[in-house]
Amino acid sequence: MNDAPPLLSVEGFGLEFRTRSGTVHALDGVDLAVRKGETVGLVGESGSGKSVLSFALLGISDRAARVTGGRAAFGGLELTRASEADLEAVRGREIAMIFQNPRTALNPIRRVGAQIEDVLRRHTTARAAELRERAIAALREVNIPDPERRHAAYPFELSGGMCQRVMIALALACRPALLIADEPTTGLDVTTQAAIMDLIAARARATGMATLFITHDLALAAEHCDRIVVMHAGHVVEAAPTAALFAGPRHPYTAQLIRATPAAESTIDALAAIPGNLPDLRRADLPACRFRARCARASARCDAPLPRLAPPPAHAVACWHPLDEARCA
Amino acid sequence: MIRIVALRLVGALPNLAGVVVVTFLLTRALPGDPAAFFAGAAASAEAVEQIREKLGLNRNLVEQFGLYLRDLARGDFGQSLSTGQPVLTELVSRLPASLELTFCALVFATVVALPLGVAAARRPGSWIDHLCRLVTTAGVSLPTFFTGLLLAYVFYFLLGVAPSPLGRLDPVFTPPPPVTRMYLIDSLLAGEGTVFRACLAQIALPAVTMGLFVLAPLARMTRASMLGVLSSDFIRTARAAGLASPTVLYTYAFRNALLPVVTTLGMVFSFLLGSNVLVEKVFAWPGIGSYAIESLTASDYAPIQGFVLAMGVLYVLLNLAIDLLYGLIDPRVRLEA
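Same order as they appear, the protein sequences are chains V and F.
Once you know that position 286 of the first sequence is 286 in the numbering used here, the rest is easy, because the numbers rise by one and skip nothing.
Once you know that position 89 of the second sequence is 418 in the numbering used here, the rest is easy, because the numbers rise by one and skip nothing.
In isolation and in its complexed conformation, chain F is listed as follows (with noise of 0.2 Å):
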């Protein structure tokens, strides 16, 4: 197990460099010029020359290439120009908030569509059908902005029931102590129960409102591979053998509806990952999808590498975790390195 583990992540290592390729080449590809940008529009034809050297810009593509790839095996990701920061500062404090808010609005998704899903499966043109149905159509239809907004109109402005809808944690209270940076996990970690949940309370409408949009794929996945199983073969095997309805609804179908379910699952995952930048905005929340859109409008060359190189590991990571999970669901799979 743990050796195909291995082998799969050295495996993984040419898509990686491949990553890094084309990056770095799309991001030269790019329109406009970094070193303008960064003196601003007062600057002297001199000055943005002077900073041309200094970012080594006036170098050739292959000779910038080589200075990438030697900071990057010291781990250095470069500098962002609009920032000042290091890049790796900014996706270490970054990518755990917007990991922490993806995995909430896969939680939230989950927990909600695969039941409907399965309830719609088991009784199809009933209401519980009618309301999947629905609840997919609108899940789908309205553009997370809008539902951003929309909750944080409700719950926040006229309920008042949710806290202000600006960032990862209300002011008032300190962040727990960085272990994974992700604030739910670390304020459980630290003991701090007040924390937690004033981090529960800032979170839960940015994760609804992802979670809404990526419950439509998941739950109509669900309920289109539970209505194959239940009137699959072997369900009228264990029908026939008098198997008590939940064994056959759960032991039986729901393992064997899994699996798209789990590639679904594995699919909005990434897609979710590096395209929630409406809902960080709305939510003012600082991740890594709104670090990247500011990057690329202000042609920050280094912020932009870094990101996509991040999510490549992130991917590799995720299949890799799809895999395995494959594995344990369906015996039929052999993990193969």
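One chain only, chain V, in its complex shape (with noise of 0.2 Å):
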């Protein structure tokens, strides 16, 4: 399965915003790989450019953003490229995405039902009388309870865990080869977060999909991803195996970011906050390796342009000093 070429490739990809106060360099050189049916972490601190990058590979950017290079092929489309009606195709059938704050995420103001029809009619073939079936088949996938009667309801009188189910169901209405979900957890309760991640697994497994997901929550994404992929400043710093990544984090930024995240059996005194902050990416002379100002094991040889990632499906860091990799194991 290694072997077939990945489903979503992204190589060498750069992005900047023109703003009024200077160019922010929000991404530089990054590298990604998806397969399909695979589940992949995306992983950083915020503004790290996690977003940024799902939505430039939407083209849904905002109008100040800028692709300075690299490619990003899903299937045989050069997303760099493509034209907006081309993207427009693809967005919600091959590529769907779902967002956080599901509340404020949906039109507030058009039923649910007709937001996932609206989908349906811009992507298949479906007679005007099958739409209503297949909105409420989209809803019942998503085990909604009562779906004729919620079909009908606007996402103010929905709770935030059933919005972000509609949500999902709108995503998935047109069987997507993947889906990009954005922090879809955040700003829920516990109890849902664990049953719309279940969820979005399921829905997964049973079409194939491969799931790109987007979180600052590194336990979260250690539960459900197949690979993380770890960001930091705009820069991809590590990519690796769920399993090897935790086992032994090369990245100096990684092992930090592990250790500040809470574990069950650690206690508070063991966490440690990451020193420093991102750099200010409307430097226009940014350092080859962003993460250098907040590392320890800095040296001369990191003002050289950092090495770049091997291919998935190797545990890949871009780091002159990487930590041993058989460190913890």
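Treat the hints as calculated values from the structure; they're not laboratory data.
Please read these numbers as outputs of a predicted model, since none were measured by experiment.
Keep in mind that a hint or two might mislead.
[Unchecked claim] Partial selection, computed: residues in chain V whose CB lies under 10 Å from chain F:
(1) 60
(2) 62
(3) 89
(4) 103
(5) 110
(6) 111
(7) 154
Every residue gets a Cβ at the ideal spot worked out from N, C-alpha and C, and that includes glycine.
Reconstruct the complex from the two isolated chains, following the hints.
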């Protein structure tokens, strides 16, 4: 299976925002691959470029965004050069996306069934008479009780967890090959979080769908992902199978990220915050390694361009002084 | 629905009672003596006193108010001293003229302002955005009497494409049989195409003059509201779902952006109705604004009271209509009586 070309393949992807206060170098040399049926976690702290990357892949970036280089191939389509019409046809049908804050992510004044029907009408040849049935079926698939009645509900009449189920129904209505889930459980209570994550995993298994799961919650990613890609300040710093990453993180940032994640068996004293902040991405003279100012292992060698990441499924790290792979093993 | 409307109307009665009391007191507090004004400059003191007695102005306030209420209950709004006409007759003929003009102005403003605001919000900083800014700035800064005169000068005097700016209908035509007393509607009801076209030509310039003035707040509100909605989460969802751009723009964004626009529409409507005196003067439009101003300068109590009461009723109806419209646009608005 690993020999097949990946479903989504991003190589050397760069993106910047031209703003009034300067150019923000949001993404630089990003490599990412997602295979069919695989769940890949994209983790990193706020501002590391996870969401920016996913919006860029779908072509729904902010107007100020400019792709500065690299490729992003999805199936046979080169996303960075595709026309708006091609992208519109892919979005929602081949690549779907769900967001955080499901209550605000749905149109507040349109019935949820109608919103699902809008997507079906756009991407399928279903006749008008079938649309309602298919929307109800989509609601039933995400375990919404009494889907016939919920079809006519407005988002404000549903709970947050129920809205997220509607979002998932909307995203999966056309059986996409790839689901990008951008912090899908942020803003939901813990039991609902687990239910939503299980639902996404179950739908992925049932349809053979690949999932790119964006989160800042390393523990959640560890639980649900086959592989994890760690981002820091617009760079991918490490990519590895989940077990290998937790057993022996090689990038100093990943190691600190893991130490900053609470675990059931450790005390609060064992939690270590990562010193410093993300560098200002508006700087013209960003260092080759954007973690350098926060890193205890930095040396003069870190001024050289970062080593390219090894292709998956290897344990890849973009660092001149990686931690020993066997350290924790 | 009908029950809600009925309850709302009943609920508005205290407001209207307040309007009756306050306008009565305010008109009595106005400077100037209507009896002296009515009698003329040459009249003797006895003559003025006689008129005062005839008008009931020598009685105390409570008695006067009682008489006013009694007349109101009979549907008698009193008589204008300056024209000698019953106030009700004047209101019935002049209010539709003002309403017609205001409606036309609003239609013009809406048809121009909403697309302009939407287009400006889609591409901030583009030429259409700058055009929108130019139009809104010009709209608020040019006084209506100036734009009115300018339009009359250009389109009537220079180009000769507009009829003479004198009233609602060229005297060569007979006004259509009164049903709503709005000439445009009445002429259509009567099937008189030529009269309709003549009315339309007559109303075009004053309506555009007024419309230009209210275009600014409407376009500005549409732009701001659309900008806000276009950057909201659910628009991102709609785009991520691959919905076609027109669907995203109109079905998703525009309907959500409409609420503040409707509020603005209601505000400018009520503003226009009472304060379009300048436009009515420039175009000799026999509307209610000029009637009120003339009565005010003549200390003519009855028309002022009638005018304010009519406006009060209109405001109540307008607010009700806007609330109903809210309920249609936004399901989160639950109408309560």
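- Item | Violating hint indices (sorted, rising) | none
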